[in-house]
Structures are given as structure tokens and as C-alpha cells.
Amino acid sequence: MKYAIYLFAFLVLCLTQGCEDPIDVTLDEAPALVTVDAWIAEIPTDWEVRLSASQAYFDSMRVQGLDEAVVTITTSTGNAYDMVPTDNVGTYSVGMDAESFNEPSGTTYDLNIELNGVTYSASTTKFPVPEIDSIQQELRVNDPFADDGIYCNFFANDLPGLGNTYWIKTFKNGEYLDDPVELNIAFDAAFGPGAEVDGLVFIQPVQELNNPVDENFAPIPWQVGDEIRVEIHSISNEAFFFLEVLRDELQNSNNGIFATPAANTPTNITSSDGSPVIGFFNVASVSSLTDTIRPR
Amino acid sequence: MTTVLRSLVFCICVSLLLPLKVGAQAAEKYSLKGYIKDGSSGETLIGATIYISETGDGATSNEYGFYSITLPPGQYTAEYAYLGFNSTVKKIDLSNNVTLDIELSEEATTIDEVVITAEPEDDNVTQVEMSVNKLDISTIKKMPSLLGEVEIIRSIQLLPGVSTVGEGATGFNVRGGSIDQNLVLLDEAPVYNSSHLFGFFSVFNPDAVKDVKLIKGGIPARYGGRLSSILDVRMKEGNNKQLTVNGGVGLIFSRLSVEAPIVKDKSSFIIAGRRSYIDILAKPFLSDDLGDTGLSFYDLTLKTNYKFSDKDRLFLSGYLGRDRFSFGAAAGFNWGNATSTLRWNHLFSDRLFANLTLFYSNYDYQISFGEDAFDRFDWDAKIINYSAKPEFTWFLNPQNLIKFGGQVIVYEFQPGNAVGVSEGISADIGLDEKYAIESGLFVENEQDLGSSLSMQYGLRLSHFNFTGAGDAFRIGEAPAGQRKPVIDTTAFGQWESIQTYLNLEPRLALKYQLNGSSSLKASYNRTTQYIQLVSNTTASTPVDIWTPATNNVQPLLADQIALGYFKNFRDNTYEFSSEVYVKKIQNIVDYIDGADLLLNATIEADLLDGENRAYGLELMLKKNKGDFSGWVSYTLARTENRIEGINNNEWYPTRFDQTHNLSVTAFYELNDKWSLSGNFAYVTGTPTTFPTSRYEIQGYVVPYNANGTRNNVRIPDYHRLDFGATRKGKKAPGRKWYGEWVFSVYNVYSRRNAFSIFFSPTEGTSGPLVQTQANRLSVIGNFIPSVSYNFKFN
Chain A
106 MKYAIYLFAF
116 LVLCLTQGCE
126 DPIDVTLDEA
136 PALVTVDAWI
146 AEIPTDWEVR
156 LSASQAYFDS
166 MRVQGLDEAV
176 VTITTSTGNA
186 YDMVPTDNVG
196 TYSVGMDAES
206 FNEPSGTTYD
216 LNIELNGVTY
226 SASTTKFPVP
236 EIDSIQQELR
246 VNDPFADDGI
256 YCNFFANDLP
266 GLGNTYWIKT
276 FKNGEYLDDP
286 VELNIAFDAA
296 FGPGAEVDGL
306 VFIQPVQELN
316 NPVDENFAPI
326 PWQVGDEIRV
336 EIHSISNEAF
346 FFLEVLRDEL
356 QNSNNGIFAT
366 PAANTPTNIT
376 SSDGSPVIGF
386 FNVASVSSLT
396 DTIRPR
Chain B
-15 MTTVLRSLVF
-5 CICVSLLLPL
5 KVGAQAAEKY
15 SLKGYIKDGS
25 SGETLIGATI
35 YISETGDGAT
45 SNEYGFYSIT
55 LPPGQYTAEY
65 AYLGFNSTVK
75 KIDLSNNVTL
85 DIELSEEATT
95 IDEVVITAEP
105 EDDNVTQVEM
115 SVNKLDISTI
125 KKMPSLLGEV
135 EIIRSIQLLP
145 GVSTVGEGAT
155 GFNVRGGSID
165 QNLVLLDEAP
175 VYNSSHLFGF
185 FSVFNPDAVK
195 DVKLIKGGIP
205 ARYGGRLSSI
215 LDVRMKEGNN
225 KQLTVNGGVG
235 LIFSRLSVEA
245 PIVKDKSSFI
255 IAGRRSYIDI
265 LAKPFLSDDL
275 GDTGLSFYDL
285 TLKTNYKFSD
295 KDRLFLSGYL
305 GRDRFSFGAA
315 AGFNWGNATS
325 TLRWNHLFSD
335 RLFANLTLFY
345 SNYDYQISFG
355 EDAFDRFDWD
365 AKIINYSAKP
375 EFTWFLNPQN
385 LIKFGGQVIV
395 YEFQPGNAVG
405 VSEGISADIG
415 LDEKYAIESG
425 LFVENEQDLG
435 SSLSMQYGLR
445 LSHFNFTGAG
455 DAFRIGEAPA
465 GQRKPVIDTT
475 AFGQWESIQT
485 YLNLEPRLAL
495 KYQLNGSSSL
505 KASYNRTTQY
515 IQLVSNTTAS
525 TPVDIWTPAT
535 NNVQPLLADQ
545 IALGYFKNFR
555 DNTYEFSSEV
565 YVKKIQNIVD
575 YIDGADLLLN
585 ATIEADLLDG
595 ENRAYGLELM
605 LKKNKGDFSG
615 WVSYTLARTE
625 NRIEGINNNE
635 WYPTRFDQTH
645 NLSVTAFYEL
655 NDKWSLSGNF
665 AYVTGTPTTF
675 PTSRYEIQGY
685 VVPYNANGTR
695 NNVRIPDYHR
705 LDFGATRKGK
715 KAPGRKWYGE
725 WVFSVYNVYS
735 RRNAFSIFFS
745 PTEGTSGPLV
755 QTQANRLSVI
765 GNFIPSVSYN
775 FKFN
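Line by line, the protein sequences are chains A and B. Each residue of the first sequence is one higher than the last, beginning at 106 in our numbering. Each residue of the second sequence is one higher than the last, beginning at -15 in our numbering.
Hints are not guaranteed to be accurate.
Simulated restraints, written as ranges between beta carbons of each label pair [what the hints assert, rightly or not]:
#, chain 1, residue 1, chain 2, residue 2, range
1, A, Ser393, B, Phe358, 22 to 30 Å
2, A, Asp126, B, Leu601, 30 to 38 Å
3, A, Asp331, B, Ile409, 21 to 29 Å
4, A, Thr212, B, Val403, 36 to 44 Å
By construction, these hints were calculated from the structure, which means they are not laboratory data. Everything numeric in this text was worked out from a predicted model, so none of it was measured. We put the beta carbon where it would ideally sit given N, CA and C, even for glycine.
Could you put the whole structure together from the sequences, leaning on the hints where they help?
In C-alpha cells:
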């Protein structure tokens, strides 16, 4: 329930004529760490794994890709995929077609990376995903939090059983809504573990976070003719926590006096020499639904 | 541990031996007892002294204004004194027990003078207690303040040993303790959230407050339940001589209080209220969409008392306050405290004073959003407690003042009731209630061991019972810093014990009088805390919840040793104190990265445990008398945590660690019309965590601290200057209306003090080539002038 905190932070600044301005600070030095970006999704496109080096925080140059690695994914069902470099910025891929997605839920996938004499490895399981029933378009007027216009909700039921975790991605005219505030993850039908809302339709505000937001986090209405696509990706519990920390870190700057201590994202990747490594490996089943915004 | 054991054994021996020794002497002595009061209002005076010139014995009035002193039969001269009041000398013929209520009148000459301490002139040197600060409400009223509002909690932050995480943050930190380690008492009932409007104003209405006392160390055995400090706020009883109306009109809120006798000299009441009008002022500046936005807070304080006889007196007091934010019909947030206290003072004998306190305290918040009954989210949480607390004061003889008693507190925690409704389908994501019973027994003695040595020693036995109804979780092991697995769950019935804890808390304070104007003091205390605030934000939020010690969460234990040197100069015009302290706390909690603190049934799996150490030097020089008065306070301190799984398991400074904390508070009486005041504060920047690196994943550019350090850098130092000026009204005999204008400027030189430094993408850049920058967040970015008008009618 971070939403309450955002609102409090906003109120404090409104009330106190507080201000934010950029300043120069010196950061501690740190070594560049191997970063593994391996989020495999069962959609008819190439599977991609990106390897890169972390960089100094204020360095805004393009990240340095790590080439010359040998990257393979093997499954508990006996399949093996060799991923080949597709550019010189650390991207490794393998062409996939619909038939490649026949692995049953519960299949274990192992990622293996050989780089400069070090082996990086991770293991994950593919979980099932519920179908999306519908995308609801509604006209909202006189809402104190939103401009008048059309907004969307999606409806889907969490799969039965405790501990299903999902990443719900929304695309507007084919573009993934990538603001950290728009990062929508669910633990069962709610937003965190411990709530134990099992098998129900995704609750508010999970179902509602399918609208783009502006710089003040106010939702932007959809325009007639826009295409909305909602995808649900099944993720492991560990991947949920990774995304939760990632989202909180990226949004922490909005929390003002109620910010939480800076935290590092966890990882499920290990290195053969014990060297620190950043990143995550997940294999997702995907369901999706596309709709066009109609006049109301 | 040996220290603890030794003092424990000592305390027990002394408590057992004393009554025997005294029993033999009792027959041939008589008592002089009564109440000491303010002659103009009938308010009892706390900490007034009586001094017997013939024997050199003395006594102090207790929290209810009661005093008692026992002497052999004879003729005596008793001097009653209280700073700012004319002393009264009485000839006493003590041939049997004597009851004498004394009314002191305010010193005419001091009306225009600032009285800084509401205590006899050399109490700071002669009393056993140390690490104690008392602030007179009239002093607090004269300090320059933010937006002209008289502020008790902000005033406390100008005292040595007290810090805050930053401007606008709720609560205060004492000697390196977190904000939930302060027991904030309003007429003996605990107040769980002492702030309005997050942390800008405290819940205490200055017109209803009589006395404020902060105990930072050498905590007497009668106080229990929190580790670091006691903030004891006592409400006025209400003028029992005549109708008095106090009020004020300020920029943020207005106040009004009425006090009057119900039955003269027997019964009186006070009712005091405040309400903010930010909502009304802000309305023109809000856009149409936010036109329905409501922002307000109010509080109401009530107290009444009735004197049945010389032996029995009853007090009933209550507080109700609430902050309210609403956004049209679609969303609302509100939170507040409610407390009520019933107290019965009874004199069993001339020497045995008893007080029975019954209280109820509740803190709750409610949040709701949603358009209609089919799509909404409702969430509320509460902490409720009921308590009974009998306390006895036995004025054994001038050398021994014994207090004993006990307390039982029944807690009900409602950590989160939450229901989400989507398209008419409702999902209950609320948490179960938790229950606990905390109880304590204590005995303490303040003993005079001759002309120069006196001591206060005591023992508190505390017990905590975490009970059902509810589920108890068994939590497994996990690598340091990671979420632990829940192994199994056991259901318990109502009041069925899940886990109990028993702790002995020895307390000891010593004073050695070096000469008439200086003394050395030392104290040791162990304190135990069974409930804590679950919070991992820089400033605590109103939605943070309190949670009890459980089968997985150990109670907090603190040991503190303090040493002090106290010296007064120039006939008590100047007071100097210096203290050093060392405090160690066991079983503190912190949280795993990404912990879910709200609406999480298995929050215990997200907790990490560790220890805290704090040490420091506190210096204070105070000028009490004259046209020019005030104090300088300086603290050199360090507070550090070591938590398994944080900062590579090494010690790191807490978020409110301040190496240097200097404050200067000054008052100047310019003439009959004007008085001036000023504050200056200089504080070392608090520690925070900076990232070292960034990485890219799934298109997100994420900050990362590759060294795994916590609080590795400090934000810039904080400093601020405030000015205040009061234009006083005319005071003349027979004049019923008194009014004064208070002008103040907060943050005179408009310094943008950093509350925090945060890191974010530079506006207008995104994608893999996003630029990232550091930003300073200042809560107050400018100087803030204000004017308010206060009046009194009687």
C-alpha cells in the first residue's frame, strides 16, 4: 500500500512550500558488476538474454554490453537452446516459434553463461497464467485524481492456490508503458504476500493500473482509436520480489520525507567464483488480450 | 550482567531492611502534609518545595501537588517555595499531625520576566534525578515558532540529547533511540502518535498543558514500557477560583479554552479546543478537480476534578484529536488519538498517598478510496489499550520517600482491516487482531544518606503475555537479509497464552553534593519495551502500525549508564550541566530489502534483528533570571546499529545520528511592551545511503550500491535561525482582557536545509541513455513569517 505514502509525501510538499533542486554529490567508487537481463517470455518472438556491466551512477553513456560469452538454456524436459550474439552490445538470442512453447508448466529452466572463465548460472520454473476475461473501458468525469476521459480496467481471475505471482504489462499502441509507477505486479489477486486473496478477480488497485500516467502520476486518459494490449506474465515468487524492490527503488524518489532506505535488488544468479552479480532469470507463460478504445 | 545483578541484590536488600528500621522510629513522630497551589488559579504546583529551617530537611510536592514531611514533635519554621512565586514562611507547632494547604502567589516582579524552569532554584543540583529536562509552558510560549504555533515537541528538540530525523518528521529521538522508544504520556495515558499534520504540530494544546517533563536517563522504576525516554505531559486542572478564557488566532489554527470552578475550591474544569483552517485558506489555490479537497485537524482536551474531602480527589481527563484529508467523495484519509484517564487520589494516612489511574487510549487511522460500493478499497487499523495503575507514595521520613505500585495494560492491536471490492466482488485482505497483556510491579526509594549523598533505587518486574485469539507462526531460517520461510501456523483461542516474557529492570541513581552549588550524579537503568512501531520510512507515517513482542519478535532491552556534573553560579542565575551516557539496546528490528510492512500477516518473516549502541556528551548552560535569559545546548553523540544482513553485518550510524547538535535559545525583555526571542540550531547532516552504480534491466535503469553499505554518506549540515517578538498588552488591576501579538520569522535567512538527498532520472531524459541526478529535498524552502494574537479573559 505504497499509494497512501505517495499521497502523504505530496501533501507534505504542498503544505510546506518545500522544494527539490539538483545538487552535486560525490559517490563512493565501486567495481562494474556483471548484469544479467534474462526475462524469457512465451510470445512468438526471439528469446533474448542481455549481458552488460553496471556503470557509475552518474554515467549516462550507453551500457557496455558483455560480448564473447557462451549462453545456453536447458530444460528439465531435455531441450537445450544455444543463444548466439545478435549484436555487439551483449544481446544473445535464439529464434523461437509457437511449437517451442510446448513445455508443460512446472518445467525447470537452467541458464548457463560462460564469460571470461567464470560460469554464471540460474534456475527457474515456468508457472501457468490465467486468461484475461475482458478489458473494461469506462468514461470517468469529475474524478479528483484524473482528467475526464476513458480509462481501462482488466478482469482476470488469479489461479487457485496460494503463491501465484504475475507481472501485468500494458502496451499502448504497441509501446510498453515503462514508467516505474506503471509497473504492475500481483501476488495472488492482491499486491503482496500475506494478504492471501486467492483465486479471485484481481483486486483494486491491481486491475486498475493499466492506464498511462503523467509526471505527477495522474492517469492519462486513452484516446478513441488507441490500441490497448494487456499481457499477464507468470513469474516466480523470487522474480516478484525482484520487481517489487526494483519498483520501490525507482519510485523511492517520489516518497519525500517518507522514503525507505535504499535497497539493492536481489538476484537468482550465482557465479562460480563467488563474485557479485546483478540481474534475474525468469521464464514466463503469457496470456494477452488486445482491444481498441471505442467512443463512449 | 554482573552490574545488573549486583544492583538488583542491593535493591532487594534495601527494600527489605528499610521498613524494619523505620518501624521502630515511627511512633514518636508527626507529619506535616497538604497541597501546594497557585493562589490565583488554585492549580496545584508540581515540584514545589518545603524546607524546614531548624532541621535542614525538605520535601517536594508530587505530581498532584501533595507534600508530606515527618518530624519529631516541636516548633518549626517551614518555607514553601516555587520559582516565579513568592515564598511563604509558616510557623508550625507539630504536637500532632498537621494538614496545611498552601497557596503561593506569583511574584509581582517576575510578571514581565521569563521564568525558564518551573522548579526551585537549585533543584537541578540538589535533586537525585538526572538527565531530566523540565520546560515551563510559559517558556515554550515565548519561543519563536513555526507559523506562530506554540509547539511542545519542537521545543523539546532544542534540549541536549534530543534529535529528529528532519524537519517535519513526527516525534523525536532521545539519546539515539527511535521515536517509538519514547513513552509520551498525557495525564498518564500513552499517546501513540504525537503529531498533527505528519510532524509539524504536536497534539498538545498549550493552553491546557500545565507541566512538561522529559526523562532521558536514570528513569525511575515507576515508569516502564519504553526504552529511551518518558515525556510526561500534565494537563491543567482548571481554574477553581474564577472563570478564565484563553484563546489565540493564528495562521494555521485557532484555539480557545475555558476554565472555571464548578464548586469553588472543590471542583473545576477546563475545556480546550483547536481547529485548523488550512482547508479554507488553501481552497482558492486548488484546481477545480481538487476543489473538494478537505485538509483539517482538530483536537479537544477536557479535564475536570472533584474534591470529595481532604482525603479523596477525583480527576477525569480526556483528549480527542483527528487529522482529516479528503478528496471529494472518492478518497479520504483520517487518523487520530483518543485518550481518557480517570484518577483517584486517596490519602490512606498522613504519610501514605495513593493514586489509582484507569486509562483508555486508542490510535487509529482509516483510508478509503473508490467511486461507489462496487469498486472501492477500505482500510483501517487501530491500537487500543486499557490500563489500571495503582501507585502509592509513602512519605516514610525526611530521609526516605518510597513509591510502589503496579500496572496492567491490555492491548488490542488491529494491524489492518482491509476490504477491496471490484465489480461488487469483495476480497477481505485484512489481518487478524493481536492481543497482549503487559503488567508491571515496582518499588523505589529515594533515600538521603547524610548531608552530601542521596540515592534513588528501585526495581521493576515486568511481564508480557502475547495471547490469542490469533495465529502464531513458526518462522524458519534464511540467509542474512532475506525473507524467512513460515514453517507452520498454530491457532490460539482468546486470551490463550502464545508467548510470555518476564524481565527484571533495576534502576539506580546517585547524587553526591560537592558543595552548596555543585553535585555529581550517576545513574543506571535497564528498561524493557514490549511493543514497537513497524516503520522503515525516514519520517514515520501515520499509517505505521504498532506490533507486540511475539514468539518470533523478542522484547527490546536497554541498559543505560549516565554520569553528570551539575553546577550553579551567581546565586542560581546560571545553571550548568554536563552529562555523558552510554546506552546499549538488544533485539532491535530492521527489515529485509523490499519488506512489506502493511497488510502483511507474516510480517515477522520480513524482520531482521540486531543491536544498537549510543553514547554521547551533553552540555547545557542556562541563564534563568533577568531581562536576558535562555540557554545553550550542545550534544556530541553517536548512535549505531548492527543488524544481521545490513551493511555487510557491520555497525552503521542510524538515520537520525547527529554528531554535533548545537542550539541557542534566548529571550530578551526589551521593555514593558515588547519581549524578543530567538533560536539558532546547528546540526550535523544525518546519514543516508547513496548508490554507487546503475544498471539496466528490461529497459529500467536502476540504482545500485555495489558495496552493500547503509547510511554511507551524510546530507549537508542543517542550520536555522528564528526570531520572535511579542507585543504585550496592558496589565492593570481590574482589567479583565489581556491580549498580545506574537510575530515570528522561522528560518530567517531562508536556508534550504536538506531533509534528504534522492536520486532520479533527469527530467526529459528516458530510455537506456537516461541521465541520472542527485536532488536535495527541502521541506522548508524559504523563510516563514507569521503573526498570531493571543488573549486571556478573566
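Structure-based check of all given hints:
1. A:Ser393 / B:Phe358: 22 to 30 Å: 26 Å, holds
2. A:Asp126 / B:Leu601: 30 to 38 Å: Holds, at about 35 Å.
3. A:Asp331 / B:Ile409: 21 to 29 Å: Cβ of A:Asp331 to Cβ of B:Ile409: about 28 Å, so the range 21 to 29 Å holds.
4. A:Thr212 / B:Val403: 36 to 44 Å: 37 Å, holds
In terms of the numbered hints stated before, the structure departs from none.
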